[in-house]
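Engineer: Please build the complete structure, drawing on both the sequences and the hints.
Now for the letters of each chain:
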Amino acid sequence: DAKTTQPTSMDCAEGRAANLPCNHSTISGNEYVYWYRQIHSQGPQYIIHGLKNNETNEMASLIITEDRKSSTLILPHATLRDTAVYYCIVRAASGTYKYIFGTGTRLKVLA
Amino acid sequence: GAVVSQHPSRVICKSGTSVKIECRSLDFQATTMFWYRQFPKQSLMLMATSNEGSKATYEQGVEKDKFLINHASLTLSTLTVTSAHPEDSSFYICSASAGLDYEQYFGPGTRLTVT
Numbered sequence: 001d002a003k004t005t006q007p008t009s010m011d012c013a014e015g016r017a018a019n020l021p022c023n024h025s026t027i028s029g030n031e032y033v034y035w036y037r038q039i040h041s042q043g044p045q046y047i048i049h050g051l052k053n054n055e056t057n058e059m060a061s062l063i064i065t066e067d068r069k070s071s072t073l074i075l076p077h078a079t080l081r082d083t084a085v086y087y088c089i090v091r092a093a094s095g096t097y098k099y100i101f102g103t104g105t106r107l108k109v110l111a
Numbered sequence: 001g002a003v004v005s006q007h008p009s010r011v012i013c014k015s016g017t018s019v020k021i022e023c024r025s026l027d028f029q030a031t032t033m034f035w036y037r038q039f040p041k042q043s044l045m046l047m048a049t050s051n052e053g054s055k056a057t058y059e060q061g062v063e064k065d066k067f068l069i070n071h072a073s074l075t076l077s078t079l080t081v082t083s084a085h086p087e088d089s090s091f092y093i094c095s096a097s098a099g100l101d102y103e104q105y106f107g108p109g110t111r112l113t114v115t
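Chains as they are written, first to last, in my numbering: chain A, 1 to 111; chain B, 1 to 115.
Don't read these hints as lab results, they were simulated from the structure.
The reader is advised that the hints may include incorrect statements.
What the hints assert, rightly or not - Heads up, simulated BS3-like pairs for lysine-lysine below, C-alpha to C-alpha not over 30 Å straight-line:
#, chain 1, residue 1, chain 2, residue 2
1, A, Lys3, B, Lys64
2, B, Lys20, A, Lys69
3, B, Lys55, B, Lys20
4, B, Lys41, A, Lys3
5, A, Lys52, A, Lys3
6, B, Lys20, B, Lys66
7, B, Lys20, B, Lys41
8, A, Lys98, B, Lys66
9, B, Lys14, B, Lys64
10, B, Lys66, B, Lys41
11, B, Lys14, A, Lys3
12, A, Lys69, A, Lys52
13, A, Lys108, A, Lys3
14, A, Lys98, A, Lys108
15, B, Lys55, A, Lys3
16, B, Lys14, B, Lys55
17, A, Lys98, B, Lys64
18, B, Lys14, B, Lys41
19, A, Lys108, B, Lys41
20, A, Lys108, A, Lys52
21, A, Lys69, B, Lys41
22, B, Lys14, A, Lys108
23, B, Lys66, B, Lys55
24, A, Lys69, B, Lys55
The structure presented is a predicted model; accordingly, all values stated were derived computationally and were not measured.
Structural biologist: Written out as structure tokens, the structure reads:
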């Protein structure tokens, strides 16, 4: 079973920041949080990942709470091309390393 | 990011035939490759994990004799759907990583339709 819970869908106005929450209350100390997105009929695209600290790259920022039980993916200036299903995944740092996908959040960016 | 390709992107086959799907990592050596299946309006489901040069590890409920996986080199893995049936129609996606502790990069997917 997926170890993450995300809202089913969200809307965001173009040009505004999109904040996508993820709950992972059972996360273990050695498990990473990964974010991917999937645009219709394509393979998922890697966005960002983190363990404890907040992370930022050219695509997004990842904010992880101090207790690591939740995180937020931030797209600072959403565009229409950011419309996609966003998946938050918890992955072990040892053992199988496999991803278990949850249902994701369907983000719709509105013009 | 790293590039992973899949071939073919779409395939239609008749019931009872076999279909081979290729997954290639184009700009890095993929020690580990994963195969997923996605039905319409559903999330990705992991089918199997393969490490180069060794047998694949299949998820519970996935028939290893039906879904043959070969990972013969550090840049190529293949999934063969044997004796395909209409219920095997799905979107098959592979991913590759440089090692178990690295992020996965996904291919564009292959849409299989069995008639």
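Engineer: Indicate, hint by hint, whether the structure satisfies it.
Structural biologist: Here is what the structure says about each hint:
With a C-alpha separation of about 26 Å, the suggested pairing of lysine 3 (chain A) with lysine 64 (chain B) holds against the 30 Å cut-off. For the given pair, lysine 20 (chain B) sits about 41 Å from lysine 69 (chain A) by alpha-carbon distance, which is inconsistent with the 30 Å threshold. Distance hint between lysine 55 (chain B) and lysine 20 (chain B) is fulfilled; the C-alpha atoms sit about 17 Å from each other, no more than 30 Å. Between lysine 41 (chain B) and lysine 3 (chain A) the alpha-carbon distance is near 20 Å, which keeps this suggested pair within the 30 Å criterion.
For the proposed pair lysine 52 (chain A) and lysine 3 (chain A), the alpha carbon gap of about 17 Å is at most 30 Å, so the pair holds. With a C-alpha separation of about 12 Å, the suggested pair lysine 20 (chain B) and lysine 66 (chain B) falls inside the 30 Å cut-off, and the hint holds. As the CA atoms of lysine 20 (chain B) and lysine 41 (chain B) are separated by approximately 24 Å, the hinted pair is consistent with the 30 Å bound. A hinted pair counts as satisfied when its Cα atoms are at most 30 Å apart, and lysine 98 (chain A) with lysine 66 (chain B) qualifies at roughly 22 Å.
For the hint pairing lysine 14 (chain B) with lysine 64 (chain B), the CA-to-CA distance comes to about 21 Å; that is within 30 Å, so the pair holds. The suggested pairing of lysine 66 (chain B) with lysine 41 (chain B) holds, with an alpha-carbon distance near 24 Å, which does not exceed 30 Å. For the given pair, lysine 14 (chain B) sits about 38 Å from lysine 3 (chain A) by alpha-carbon distance, which is inconsistent with the 30 Å threshold. For the hint linking lysine 69 (chain A) to lysine 52 (chain A), the alpha-carbon distance of about 10 Å falls within 30 Å, and the restraint holds.
Taking the CA atoms of lysine 108 (chain A) and lysine 3 (chain A), the gap is about 24 Å. The hint holds against a cut of 30 Å. Restraint check for lysine 98 (chain A) and lysine 108 (chain A): the C-alpha separation of about 28 Å stays at or below 30 Å, so the hint holds. For the hint pairing lysine 55 (chain B) with lysine 3 (chain A), the CA-to-CA distance comes to about 27 Å; that is within 30 Å, so the pair holds. With a CA separation close to 28 Å, the supplied pair lysine 14 (chain B) and lysine 55 (chain B) stays within the 30 Å bound.
Distance check on the hinted pair: lysine 98 (chain A) and lysine 64 (chain B) sit about 18 Å apart at the alpha-carbon level, within 30 Å; holds. With a C-alpha separation of about 24 Å, the suggested pair lysine 14 (chain B) and lysine 41 (chain B) falls inside the 30 Å cut-off, and the hint holds. Of the pairs offered as hints, the one joining lysine 108 (chain A) and lysine 41 (chain B) holds, with about 16 Å between alpha carbons and a cut-off of 30 Å not exceeded. The straight-line distance between the Cα atoms of lysine 108 (chain A) and lysine 52 (chain A) is roughly 28 Å, inside the 30 Å bound, and the hint therefore holds.
Between lysine 69 (chain A) and lysine 41 (chain B) the CA atoms are separated by roughly 27 Å; this keeps the pair inside 30 Å, and the hint holds. Distance hint between lysine 14 (chain B) and lysine 108 (chain A) is unfulfilled; the C-alpha atoms sit about 37 Å from each other, more than 30 Å. Proposed proximity of lysine 66 (chain B) and lysine 55 (chain B) is supported: the alpha carbons are some 15 Å apart, at most 30 Å. Straight-line distance between C-alpha atoms of lysine 69 (chain A) and lysine 55 (chain B) comes to about 36 Å, which puts the hinted pair past the 30 Å bound.
The structure fails to meet hints 2, 11, 22 and 24 from the earlier list, while all remaining hints are met.
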